[in-house]
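**Q** Each protein sequence line maps, in turn, to chains A and B. No gaps in the numbering here: position 345 of the first sequence is 344 in numbering that gives the first Met the number 0, and each next residue is one more. No gaps in the numbering here: position 381 of the second sequence is 380 in numbering that gives the first Met the number 0, and each next residue is one more.
In silico DSSO-like pairs for lysine-lysine, Cα to Cα no more than 30 Å straight-line:
| no. | chain 1 | residue 1 | chain 2 | residue 2 |
| --- | --- | --- | --- | --- |
| 1 | A | K143 | B | K203 |
| 2 | A | K203 | B | K157 |
| 3 | B | K143 | B | K26 |
| 4 | A | K208 | B | K26 |
| 5 | A | K208 | B | K157 |
| 6 | A | K208 | B | K213 |
| 7 | A | K326 | B | K354 |
| 8 | B | K326 | A | K326 |
| 9 | A | K213 | B | K157 |
Keep in mind the hints are simulated off the structure, nothing from the lab. Since the structure is predicted, the reported quantities are computational estimates derived from the model, not experimental observations.
Protein chains: 2
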Amino acid sequence: MVDIERANQEAVQRFLNSQPVLVGIGKALDVIPGMTPKTILHAGPPVTWDRMSGPLKGAIIGALIYEGLAQDENQAIELASSGEIIFDSCHHHNAVGPMAGVTSPSMPVFIVENKTYGNKAYCNLNEGLGKALRFGAYGEDVIKRLKWMEEVLGPALKEALSIVGEIDVKNLQVQALMMGDECHNRNRAGTSLFLRQIAPGLVKSSLPKEDVAKVFEFINGNDHFFLNLSMAACKATADSAKGIKGSTMVYTMARNGTDFGIRVSGLGDKWFTAPAEKIRGLYFPGFGPEDANPDIGDSVISETIGIGGFAMAAAPAIVQFVGGTVKDAINYTQSMYEITLTENNAYRIPYLDFKGTPTGIDIRKVIETGILPIINTGIAHKKPGIGQVGAGLVNPPMKCFEDALIAFAEEYNIE
Amino acid sequence: MVDIERANQEAVQRFLNSQPVLVGIGKALDVIPGMTPKTILHAGPPVTWDRMSGPLKGAIIGALIYEGLAQDENQAIELASSGEIIFDSCHHHNAVGPMAGVTSPSMPVFIVENKTYGNKAYCNLNEGLGKALRFGAYGEDVIKRLKWMEEVLGPALKEALSIVGEIDVKNLQVQALMMGDECHNRNRAGTSLFLRQIAPGLVKSSLPKEDVAKVFEFINGNDHFFLNLSMAACKATADSAKGIKGSTMVYTMARNGTDFGIRVSGLGDKWFTAPAEKIRGLYFPGFGPEDANPDIGDSVISETIGIGGFAMAAAPAIVQFVGGTVKDAINYTQSMYEITLTENNAYRIPYLDFKGTPTGIDIRKVIETGILPIINTGIAHKKPGIGQVGAGLVNPPMKCFEDALIAFAEEYNIE
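Using the sequences plus the hints, can you model the full thing?
**A** Next up, the structure:
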């Protein structure tokens with residue numbers, strides 16, 4: 000008989016022991032395992048072109064133009080439908096990507112190593128809010144910015160990091176939680192602390208100072224810059240708990256805009272998917288719920304390891320961005336203790352007397368209590384080419400957890 | 000009959016309307032009104048050399064050596080006792096200084112203008128924690144750092160500011176309160192946000208990049224860097240409410256390490272002083288209450304205008320630095336509403352549902368309720384030459400408020 004409690008303790012202990020550190024910045028093609036010149040990675044569980052949502056299609060159109068594989072939208076759609084491009088889940092390549100999560104071969108990516116377990120994780124760099132590839136926009140400005148990120152930002156950060164040395168991302172997350180971030184939809188502190196740490200390296204780098212100044216202006220102009228680095232750290236943490244025999248702990252949650260998928264430690268690589276839910280949120284002026292795509296993105300890797308929506312009590316000011324009251328934010332965090340295995344030993348919430356965040360979702364507890372994980376998230380327009388229209392709160396479909404529990408019972412012969 | 004309520008509304012409205020903006024960085028001798036080559040400004044109400052506390056004497060010894068007016072400690076003491084040096088309160092020169100607050104002619108200072116009322120305020124730059132002039136230390140390292148601040152840091156910030164343009168300090172304070180600072184003893188967010196804003200200017204400046212990198216490293220290494228800029232902003236705000244006929248609102252609180260002094264809007268320049276109190280605090284390893292000097296410094300200008308100790312509910316993590324529990328921090332803020340005139344319209348506390356901070360101390364309410372303003376503060380060693388030994392909480396002496404109320408009754412013929 001499998002000892003589930005013991006397996007879960009081992010699994011969640013791996014989350015707690017993880018030490019994700021930024022060790023480099025590289026080109027996706029060079030550093031992401033299994034990447035090819037014609038591979039496009041995307042957020043969430045695997046999905047075929049014909050089933051992809053508008054924003055994911057939009058981001059892929061943009062990526063094909065950015066890579067020079069297509070000249071325009073029509074060519075890009077033709078190529079994407081041709082079968083010539085390999086689409087795959089970021090998660091199958093130790094990677095994550097926010098919203099559409101589209102990661103193409105030329106993009107610069109953060110390389111985060113989990114120093115405790117030796118595994119690595121990757122995430123591309125954040126473009127800013129509004130019209131951005133990850134929300135499905137692919138206008139000229141979007142492509143131009145991606146080129147600048149490839150040619151200036153990526154190399155600048157790479158050289159700066161080599162000067163200042165590896166950066167302990169978990170430490171930045173821990174500090175950011177003391178400063179009103181929850182490290183998913185509020186990243187102002189994390190972005191500030193990252194910039195402070197890498198700044199001397201940027202200044203000492205060999206880049207022309209106009210470029211260095213632009214890098215500072217770009218990061219200063221985007222309070223979400225830290226998100227993608229934080230996500231890579233969460234992914235490096237999450238993957239360390241994969242494949243613990245007998246564990247019912249979730250180690251992946253992800254959405255591709257069509258499906259929500261979870262993976263469970265004791266069930267290896269298998270995805271449990273169901274249609275992605277609608278988001279309850281605040282919309283930018285001129286947009287409303289009828290414009291919204293269902294839930295999309297890998298950024299829910301934050302909640303998977305105990306921050307983001309699970310740490311909203313640390314970030315009261317986030318309600319101005321995702322809706323609700325401060326009391327709601329505290330209640331969301333409190334309710335997550337019902338479905339998790341432990342309190343985090345590093346991620347802490349000042350207003351709950353420095354209590355550790357609820358960490359390690361147990362699919363059994365989700366089914367028993369009927370409480371679903373709380374996720375805060377950006378909202379993409381449902382049509383390709385438009386971009387972000389708001390931000391809000393969402394849950395995974397219960398079916399993912401139900402199917403996973405049935406599969407777990409079968410796998411381990413539990414009646 | 001004077002209309003006290005109306006006068007107080009006018010006084011506190013001036014606090015609320017104030018828009019303190021960083022407009023320049025200059026040399027104290029050049030920019031502070033009434034500064035001379037032989038003037039040394041200090042924190043708190045005026046005090047003569049013979050009555051000065053250890054840390055204030057230590058800081059003055061250091062300043063005289065730094066200015067080249069003395070070669071060593073003995074010469075400095077001789078000069079300080081000779082009557083040749085003009086000692087005066089920072090507050091008499093539109094200035095403030097943390098702890099000893101010693102400001103000498105060659106020091107670079109922030110120049111903050113209150114855009115609403117046109118008045119200016121000044122504060123020197125923060126040296127960091129531990130062995131620092133403002134805590135009474137004057138070793139070789141302290142003097143060397145002051146020289147570097149004069150020769151590199153000040154000019155670098157001055158040029159950078161001229162490139163990025165004026166910086167709205169109130170806006171930085173408002174954001175910092177959303178990020179777990181209370182802008183007195185926790186300034187990690189404020190320091191980060193200031194650095195983000197000035198960074199492109201530093202990079203574009205004409206300084207050698209080694210110097211620019213050192214400036215980034217210095218500010219990144221000192222989470223209190225923002226304090227002195229914030230204090231100048233508070234002083235610019237506070238002074239705008241001076242001299243409102245009939246107002247019982249406090250517009251200055253300050254300590255020189257011997258005396259605590261307050262000034263009241265309707266009573267003009269007059270100080271009401273009493274012996275400074277002992278601080279209840281956390282000590283650095285190797286130090287204890289027997290080492291502590293009584294309360295010292297102008298940083299209580301923060302509490303005077305509604306932040307610092309009055310905003311501790313915004314900064315739960317500060318209890319790790321000054322002692323107490325998170326609940327205490329919230330209670331301190333809550334109790335300050337009892338002795339203040341209004342809720343701030345800009346400084347807000349996320350955890351109290353974005354309620355404005357308690358703003359504008361009314362001496363009548365202090366006497367009626369018996370509740371004294373709460374101040375959080377650093378602790379200096381009582382002997383010259385040692386430096387900071389801890390941080391904690393303190394109140395002003397009740398006598399300041401009692402004497403002020405008696406004087407108010409006399410001034411306005413109230414029985």
